[in-house]
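Participant: The lines below spell out each chain.
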Amino acid sequence: MPLPEILLGLLWIGVTAYVLFGGADFGGGVWDLLAGGAERGARQRALVEHSIGPVWEANHVWLIFVIVLAWTGVPSVFAAVASTLYVPLTLTALGIIARGSAFAFRKASTLLWQRRLFGAAFAFSSVVTPFFLGTVAGAIASGRVPPGIAEGDLTASWLNPTSLVSGALAVGTAAYLAAVYLTRDAQRAGDTALAAAFRRRALAAGVVVGGLSALGLAVLRADAPRLFGQLTTGAALPLLVLSVAAGVVSLALLAWTRAYLAVRVTAALAVVGLLWGWGVGQYPHLLPGVTLHEAAATPAVLAATLGALAVGALLLVPSLVWLYATFQRGDAPGEGENGSTPVAPDVRKY
Amino acid sequence: MDVFVADAVNAQNLMAARLQMALSLGWHIIVACLGVGMPAITLIAEWRGHRTGDPHLRLLARRWAKAMGVLFAVGAVSGTILSFEMGLLWPGLMGTYGEVIGLPFALEGIAFFIEAIFLGIYLYAWDRMPPVPHLLSGIPIVVAGVASAFFVVTANAWMQQPTGFDTREGRVTAVEPWAAMFNPATPPQTVHMILAAFMVAGFSMAAVYAVAMLRGRRDRYHRLGFLIPFTVAAVVTPVQIGVGDWAAHFVAENQPVKLAAMEGVFETERAVPLHLGGVAVDGELRYALEIPYGLSLLAHWNPHAEIAGLNEVPAAEHPPVNIVHWAFQIMVGLGFALLALAVWQWWAWWRRRDLPRSPWFLRAAALSGVAAVVALEAGWTVTEVGRQPWIVYGVMRTAEAVNPAPGLVYGFAGVAAVYAVLTVATVYVLRRMAREKPVPVAPQERDVTDYKVV
Chain A
1 MPLPEILLGL LWIGVTAYVL FGGADFGGGV WDLLAGGAER GARQRALVEH
51 SIGPVWEANH VWLIFVIVLA WTGVPSVFAA VASTLYVPLT LTALGIIARG
101 SAFAFRKAST LLWQRRLFGA AFAFSSVVTP FFLGTVAGAI ASGRVPPGIA
151 EGDLTASWLN PTSLVSGALA VGTAAYLAAV YLTRDAQRAG DTALAAAFRR
201 RALAAGVVVG GLSALGLAVL RADAPRLFGQ LTTGAALPLL VLSVAAGVVS
251 LALLAWTRAY LAVRVTAALA VVGLLWGWGV GQYPHLLPGV TLHEAAATPA
301 VLAATLGALA VGALLLVPSL VWLYATFQRG DAPGEGENGS TPVAPDVRKY
Chain B
351 MDVFVADAVN AQNLMAARLQ MALSLGWHII VACLGVGMPA ITLIAEWRGH
401 RTGDPHLRLL ARRWAKAMGV LFAVGAVSGT ILSFEMGLLW PGLMGTYGEV
451 IGLPFALEGI AFFIEAIFLG IYLYAWDRMP PVPHLLSGIP IVVAGVASAF
501 FVVTANAWMQ QPTGFDTREG RVTAVEPWAA MFNPATPPQT VHMILAAFMV
551 AGFSMAAVYA VAMLRGRRDR YHRLGFLIPF TVAAVVTPVQ IGVGDWAAHF
601 VAENQPVKLA AMEGVFETER AVPLHLGGVA VDGELRYALE IPYGLSLLAH
651 WNPHAEIAGL NEVPAAEHPP VNIVHWAFQI MVGLGFALLA LAVWQWWAWW
701 RRRDLPRSPW FLRAAALSGV AAVVALEAGW TVTEVGRQPW IVYGVMRTAE
751 AVNPAPGLVY GFAGVAAVYA VLTVATVYVL RRMAREKPVP VAPQERDVTD
801 YKVV
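Just so you know, the sequences run in chain order A and B.
Just so you know, my numbering puts the end of the first sequence at 350, numbered straight through with nothing missing.
Just so you know, my numbering puts the end of the second sequence at 804, numbered straight through with nothing missing.
If you are wondering where the hints come from, they were derived from the structure by calculation, not from laboratory data.
Beta carbons: idealized from backbone N, C-alpha and C, even for Gly.
Be careful, since some hints might not be right.
Short derived list, chain A residues pointing at chain B, Cβ under 8 Å [as the list claims (entries may be wrong)]:
id, residue
1, T257
2, A304
3, A308
Let the hints inform the model, and build the full structure from the sequences given.
Facilitator: If you want it as structure tokens, here you go:
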């Protein structure tokens, strides 16, 4: 496979990992927001905090990984996207600061009013940030980012039907993934009431996401006919079918079984299908009139970067194994309530 | 590209972008320095605590580790923002040269990943692991932290000494990413930065305990809390002075215009004096104290050596002389003041195995943290403002790199507001944490309450 395709594949794997793992973290914040008053929502919040505490920083690595691979691998495309979409991207950046620091501060705070204040900042920015990232995805998918620096419309590029649906879809997907994930986490901790609560939330979020996806297809048909064609009749169709099927199976599993571990897999597949469907549908074009090979960096850069990542993986994999082994120990079912053991579930995201 | 400079909207944009970058990088650099230096100092305390069984050392290690957790979090998010801003503010740079400096950032990503993994183990597995493996799990944090600093600074060094590429018709060709990364400015700049990180961490941590000791808390806990970080900083400082001299020689050889701005030299001359203080007005440096032959001697080891002046390049290519000149003086002055403080401690230790008895020592030490941070910011100002108007020295102007989209000034206002809140909250949370009695490193460690030493 040619180097640009390998790099793009890695970049898209990074996007996928960020949407799945970072998305579930953001969704945790969404449920934190909707958990109710300080007392009523305490158990939900404790589960959320327990679940994302040790891993959210590592999940940032995926975002940085994507940004760095974008400017290294397809520099002109990165510049075009960042300059035209600087409004939603600046808002995303501010949201990321507010979210991460507020979460760390809440963890370090003991007074109720502080935990409320930092918790509110964390929860609010957990909703706002994926929305703006979603509008960015919608802008690129609907071909509203032309090549060149700041050539696109600064507002219409991200305030348009596709972007708005994508933003809502991003928030919904995050909430859905988090609910599915937390259902199993609560079940494993032996808290059946909390598991049932998150199961209801997962079902509701799943239905909303399914509806939004259907709406999104309708909007794409009017707004981005080329991508719509690829998704419904072209190379991306199998991935769209996979996404829909996995989504339906997820809802069925949630509704009639307690196989929450299996739902994690199908829910992830539903999201992956959508994401890779978009990627395959748009390939080989990155921006209107710009193909991957036109935008790709020189072969020496691609080779050096891919080589460095391969060597880096040799260091990363044993580290991950040790991390996994460390937090597996002593993780019996029934333990882990209220953040007493940050064990295996947290390792999932590495 | 004078068209850009002439354009009023773009001039405003450029200033907003530069201020936003200065604010977010200037903020991140402090937290990042603590992130590089604190793990090593914490590990020293933990290691000594394990060897001696001293509960004071073990409590210090716990508390520092907990603060590290918070600082690592704000460092991670403020660093993420910088990677956004590379594109939001400087698309002209990244669109053309992103691929040339991509490699060190990819390597930095790997180092950051390793840091995050081992920080997770170190913080969350404290009571799940025997002491020695736990101690060992901290070592990758130190190594990866230093490596991150190295990789990031190589990218900045490339902007000072761009090598490893050709340009044809506005597109870069024949990129050699390793040559770009290991450019001539890489050795002095990276070493200078990494040592600065240890100075900032050491003096800042020591300053906290110096303040407590001035308030009368002179027990073993506070003495050790002062001595460990201060000793690390006191060992690093003289090395840093030497490395600073190396870095200045490098600038004299390779960025003569920057040196001229640092020293306020307007005309190319031989036997140039060293200027202390002074203000640049109308193309000359006034009111400065002159040390004859000083600059020629320092820069080239020859009292009659020629020093290039700002007159070698057109006025449009002059960096802002007063800012660069004063930033350089502040950095050097504070560096020597910190060296004097370190010597004071060595002297007392050599004579009596104790801290200096004068209260002035503690008063000075209480200010050393702020002094180290100011020196850091001043040094970084010299590096970055001294390079202006170039974003890539001699190759691309900052005005060519900036995002021409209107309204960057609003983005700057938003970022400034968020950083103001972030600063207040960070300081507040750290101060509260320092006083808390049970010291859980992570939330699950509520069982750790049995620290009777404070």
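Participant: All the hints need checking, so say for each whether the structure fits it.
Facilitator: Here is how each hint holds up against the structure:
1. T257: violated (31 Å)
2. A304: holds (4 Å)
3. A308: holds (6 Å)
Going down the numbered hints, you'll see the structure goes against just number 1.
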